[in-house]
Structures are given as C-alpha cells and as structure tokens.
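There are 2 protein chains.
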Amino acid sequence: MALSKNPDKKQINRLVELNKKHHAARDPKKIFEGLRKGEKTALAEAITLCESARADDQQSARQLLQHCLPHTGKSLRIGITGVPGVGKSTFIESFGQYLVKQGKKIAVLAVDPSSEKTGGSILGDKTRMVNLSVNPGAFIRPTSSRGSLGGVAQRTRESILLCEAAGYDVILIETVGVGQSETAVHSMTDFFLLLMLAGAGDELQGIKRGIMEMADALVITKADGDNTKNATRAKSLYKNALHLFPANENNWIPQVDVVSAAENKGIEKVWETICSYENLTKTNGHFQKKRKNQQEYWMHEALKEQLLHEFYNNPAITKQIKQLTKKLAGNEITSYDAARLLIELYQHGKKNI
Amino acid sequence: MALSKNPDKKQINRLVELNKKHHAARDPKKIFEGLRKGEKTALAEAITLCESARADDQQSARQLLQHCLPHTGKSLRIGITGVPGVGKSTFIESFGQYLVKQGKKIAVLAVDPSSEKTGGSILGDKTRMVNLSVNPGAFIRPTSSRGSLGGVAQRTRESILLCEAAGYDVILIETVGVGQSETAVHSMTDFFLLLMLAGAGDELQGIKRGIMEMADALVITKADGDNTKNATRAKSLYKNALHLFPANENNWIPQVDVVSAAENKGIEKVWETICSYENLTKTNGHFQKKRKNQQEYWMHEALKEQLLHEFYNNPAITKQIKQLTKKLAGNEITSYDAARLLIELYQHGKKNI
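Chains as they are written, first to last, in the numbering used here: chain L, 1344 to 1696; chain Z, 1344 to 1696.
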C-alpha cells in the first residue's frame, strides 16, 4: 500500500494495522524451519527479526535463537579489516567465490557502527560484489547500523549464530580498521585478517595503533602491474616486523600474504594460511579455548554495558559529571573523589525512588 | 613495644591502644606542612595514610589530598617497564642519579599488583638502588601491593600527587611488563619507556603483546662489552619496525636509545629524548590534552570499578554466573541472554531488599 503525499489519519491507521499483521506473521518456529532448509529469505528474515527493537519481535527473536543454538558453532569465523580503499570488497568478492568453488557455503556480514553517520561505507552497496551477491552458495548481509557499538556487536554475534544454524561453513565479518569496531570483530572471530596497501612507506596510514598486533595474518592487496615489486618488498618488511612481536599464546606466527584480486593471484594461499591456523589451534586446543573465552567475554561486556548505561543515563549523574570534569581540569578534585561523589549521588538517588 | 612469641590478651589490647594513639596523631594539616617543607618522612607518612584502609585514615587522606591538589601537576611523570632481568633497577639507579646531578628532585614509585603473590619483585629491596636510595635529592617508595589493580593504580596516582606537592620534578613509575599493570602505568604517565634486552632474536620474549605500541621510547639495556654489537643491531631493527607503526596523534615518533648502566653510557641521550618529547607535546598541546584525558579516564575507571564491584560481589550473582558459564559452553544460551538473566536477577534482588 503506497502512501499518498499528504496521508490522512485513516490512511495512517490502516498502515499501522497492516504493519501489525505483517509482524504477527513472524513465527519463530516457521522462520527456523525455513532457515534450516537453507532458504536465504528465511535467514534474512531471521536477522531482521533479531535486529528489530520491537518488544514482541525481541521475544520471538529470543525463541528463534534458542531453536538455533544446538546447531551453532561449526563454522569458521573470519574477521577482515583494513582502511577504506584497501580493497576489502574486491578481496571478499574473489575470496568468497574461491571458497564457494571449494564447496563451502559462505556468509558475509559487516560491523560498521559509523555507517549511521557516513551513510554506510561498507556492504551498503551490494553492487560492489556483483558476482558473489548472485552466487547461490553465498549470503551477503549489509551492516546493521542502528545503535551503539555494543548493540551492533551483539546483533552481529546473533547473525553469526543464525548463519551457522542455516548451514554456512565460513562466515566473513568485514569492518573498517579506523575505530573501535575492529576490536569487537576481533573478539567474535576465530581468525583476524588485516588487509594492507603496499605504498611508499606509508602502508599503515590511517590504521589504528594496536591493530597490527591483533592480526593473525596480513594480506598485501593490489599486488599487480607496477605495484607487484612494492608488494613483495612490503611483504618482507612486515614479515621481519612481525617477528619482533612477542609470540602468541597459541603458538601461531602471524603470516604475510600477497594478493591481486584483479589478476586473481594469491587467494588460494590466504586460504591455506587460514587452514594452517585452524589446524594448529584445533590441535593444541586454543581454537576451542578462544571460543569459550569469547562467549564469556561477551556476557561480561553485555553486563557492563547494561550496568553502565543505567548509570550514565541518569540525568542527575550527567549534570554532575559535567561539573566534576571542570573541577578535575582545575585540579580542584582528584579523579577518585569525583567518582566517589558520583557513586554517592547515584546510590542516594536510588534510595529516594 | 615488641611482641613476645606468645602474646597474651593484655599485651594485644595494649598494642591496639598504642596503635590507636599512633593513628590519632596523623593530622593531615601537619603532614601537609612537613611535606611542603620537603621532609621525606612527612611524604612517606602521607603515602602510608593514603594507602591505609581504615575509615578514619581515609577521611584524613581525602583532606590531605585536598590540601595538596593546588600544588600538583608540575612534574614530569615517566613510566618505565620491561621484563624481569632487563635491568630496570640498574637503569633507574643511573638515570636517577643523572637527574639529581641536573638539579632535579626525583621520586621513584612502583606498580606491581602481582607482588602479593611473588613476594614483591620490584623496589621491594632498596639495596638494589644503593646509591640512589641514600641520595638526598631522591625519594624511593616500594610498591603498595594490597588489593586489585584498580586499587593499586588509584593509590599510585595519589602518591604521584603527594610527590608533586612535595616538590619533586620528575616521577619515575616502575612496572613489570608482563601483566595488566603496564596499561595502568601508561595511563598515568606523560612518557612511557620500554626497556629491552638485545638478545639473539628473542628480544621481546615475555613482553606482552601491545606494549611495544604503547612505548614513546625503547631503550636497549646492557649495551656493554660483548653485547655492544648486538645492542646496536637491535637498535636499527627496532627503529625500522617502529616506523611501520601508524603515526601517533601527537606527532611523536618513538625513539630507540641504547644504554649501558654499567659503563654509564647513553643515559644523557635518554633524557634528551624525553625532553624533546616534552617540548614537542607541550608546544602542540598534546601534553596538556593527555593529562586532561587521563584525569577523566581515571574518574570513569573508578566509577566502573565501583559499580561492577557491587554487582560481581552479590552472592546470588556469583552463583548464577557459574551456572550460566556452563550453559554458555554447552551452547544452551547466548551471551546476551545470559547477561539479561543476570541483570534481571540483580534488579529483582535489589527491589526485594
């Protein structure tokens, strides 16, 4: 039902009714059955349901996830990051198609809490993955941009579970390496891939400090034409640099690979690197250990977020923080005393409710 | 009054009374006056007062800090980290004496929350800084080992303020680079120094991932005798590696220096590096900005610690977390649902109080 340019009240009410019926049709059991049969529309609907802020949808979403849980955990979860322009979409297009040819079902998700402001910089436009998006073995889901990083991370983690229950073998989670989101993606994946450009000494321009040490592998992109030599040089530079880093607890030494998506070179090697990692960490138990730690990490993160949200959204607290921040800057109070005053205010306020 | 091997009740009661009198004598105003006159005993007493867990001491401590606050902020705060055996004490002994010769008053503090278990690995033994500890221009305070990292960090930050009010120009804060404490020290200092050994390719053995990217300067220690060549080679290796890191927001490029405390070489150069940093960041405003951010950071950290402490110390919550952690591992519940259940339990419990 299309809305006329100047809708009257009657029209609006009819739309609201239609909307309710549409929502009422979302039966978690039915969605679950479709999803298990491998229907992409059911998977898409499942993700939408989990993303919905409506209370009734949230209840259905909890039920749906409960159905899915016994069928989760079997995929390989790969985080992919890199600055805008490094060629993430192009890499995923090639890498994804390669994996489908190996008989894998692959899903592509994205975490980009900034997209609300920027209008969606990643995966917003499926046309950037022309071939992959129409490939029957691939499922691509644009980023959910609503809310805080914590909220986006939670929904992405739920999407991973839904994709796993739908039988996807490899899940790629794309993020931009310029904010907080890459830490979140690192904490929800088994393997973390950092894409880099081979430039003139400024390879890391724009990449946030600390990301390089999170990476399980670096991939130098656009290693084609005139750039081939640069890319090879960058590979040996980074290989040496990574050796200076302290060893990982899981005994994995981060690898550096070189790819050209344009010339379709090096993709297979990246997959081999990831398989070596999977093999090593599943053998020494670190794969399972990391998964377990991640589950507990996200429980505690969600707890922290909810407890702090309640505190920081208290209007009296907000007002007081502003004043105390000024006092801090003027050396009129210690950080600890400021915190103590705020806690007292908070507890006092609660007692008065 | 010495306690006999088998003290009777009377003896113990007399000791308790004596202890009360001793405490009653701790007048914050008097301590403050002594401290401002540069009396080391007053400074030591001030730190002990702030470290005390007694409620009346804590009240006096708050008053004392309030007196001190207008006189704080003028020192240069330097964090020093490195694995055990790298030569932190030896470096501080040389570096400290050099600074005193330049007319500076220097204080040495330590953060080592692990020392409770290990019996105090750093600064526990003043004899390791034989000359510095008897130098009139230097004040050395062993680590306070009681409590959580948050608690230790808070007390160290208060000690910094006390040392500043007592007129110390440079404050060195030592920590071991193997735990969480170096992040805390990094967040309370203006400049962060990482000491490293030049070894056979395993220079970073034992150093936690991520520390190298926090460092404003690396110092290769023990560059003497047969090791001189190794140290020079390590310097150039690290210089190249650091160039691959993304640039700092404050425009500072981390430096690599080489020292021999035994041969008293390179100490002056380290001080020059720190002065260049201070000069650059005070000119471009990042010094002040960092201090301001650190004050706010510690206020929010203290808030978080106190809010979460209350939550996690609720016996019903502790019990439930154990059960939910098992369910998480068995894929029986999502991390988010587990968190939601805990929050509901917590809020319900509060209502019932």
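Don't read these hints as lab results, they were simulated from the structure. Note that the structure is a prediction, hence the values are computed from the model and not measured. Check each hint, because a few of them may be wrong.
If several chains are the same, the list does not tell them apart, and a pair holds so long as it fits within one copy or across any two.
Claimed, not checked - Here are the simulated DSS-like cross-link-like pairs (lysine-lysine), alpha carbons at most 30 Å apart as the crow flies: (1) LYS1665 to LYS1647; (2) LYS1612 to LYS1662; (3) LYS1647 to LYS1633; (4) LYS1669 to LYS1647; (5) LYS1582 to LYS1625; (6) LYS1448 to LYS1662; (7) LYS1444 to LYS1380; (8) LYS1444 to LYS1383; (9) LYS1665 to LYS1447; (10) LYS1444 to LYS1669; (11) LYS1353 to LYS1447; (12) LYS1665 to LYS1353; (13) LYS1373 to LYS1582; (14) LYS1635 to LYS1670; (15) LYS1353 to LYS1632; (16) LYS1647 to LYS1670; (17) LYS1665 to LYS1625; (18) LYS1578 to LYS1372; (19) LYS1373 to LYS1632.
Hint-by-hint comparison with the structure:
1. LYS1665 to LYS1647: Both, since 22 Å and 17 Å are each at most 30 Å.
2. LYS1612 to LYS1662: For LYS1612 and LYS1662, the Cα distance exceeds 30 Å both inside one copy (55 Å) and across copies (47 Å).
3. LYS1647 to LYS1633: both (20 Å within a copy, 25 Å between copies)
4. LYS1669 to LYS1647: both (26 Å within a copy, 20 Å between copies)
5. LYS1582 to LYS1625: within (24 Å within a copy, 36 Å between copies)
6. LYS1448 to LYS1662: Classified as neither: same-chain Cα gap 51 Å, cross-chain 40 Å, threshold 30 Å.
7. LYS1444 to LYS1380: within (21 Å within a copy, 78 Å between copies)
8. LYS1444 to LYS1383: Within. Shortest intra-copy distance 19 Å satisfies the 30 Å Cα cut-off; inter-copy 74 Å does not.
9. LYS1665 to LYS1447: neither (53 Å within a copy, 37 Å between copies)
10. LYS1444 to LYS1669: So LYS1444 and LYS1669 fail the 30 Å test inside a copy (60 Å) and across (38 Å) alike.
11. LYS1353 to LYS1447: This pair counts as neither: shortest intra-copy Cα distance 50 Å, inter-copy 80 Å.
12. LYS1665 to LYS1353: This pair counts as neither: shortest intra-copy Cα distance 46 Å, inter-copy 54 Å.
13. LYS1373 to LYS1582: Neither: 50 Å inside a chain and 60 Å across chains, both beyond 30 Å.
14. LYS1635 to LYS1670: Between copies only: 11 Å across, 43 Å inside.
15. LYS1353 to LYS1632: neither (57 Å within a copy, 56 Å between copies)
16. LYS1647 to LYS1670: Intra 27 Å, inter 20 Å, cutoff 30 Å: intra and inter.
17. LYS1665 to LYS1625: Answer is between; shortest inter-copy Cα gap is 25 Å, intra-copy 50 Å.
18. LYS1578 to LYS1372: neither (50 Å within a copy, 63 Å between copies)
19. LYS1373 to LYS1632: Neither: 34 Å inside a copy, 55 Å across copies.
Violated hints for the displayed structure, listed by number in ascending order: 2, 6, 9, 10, 11, 12, 13, 15, 18, 19.
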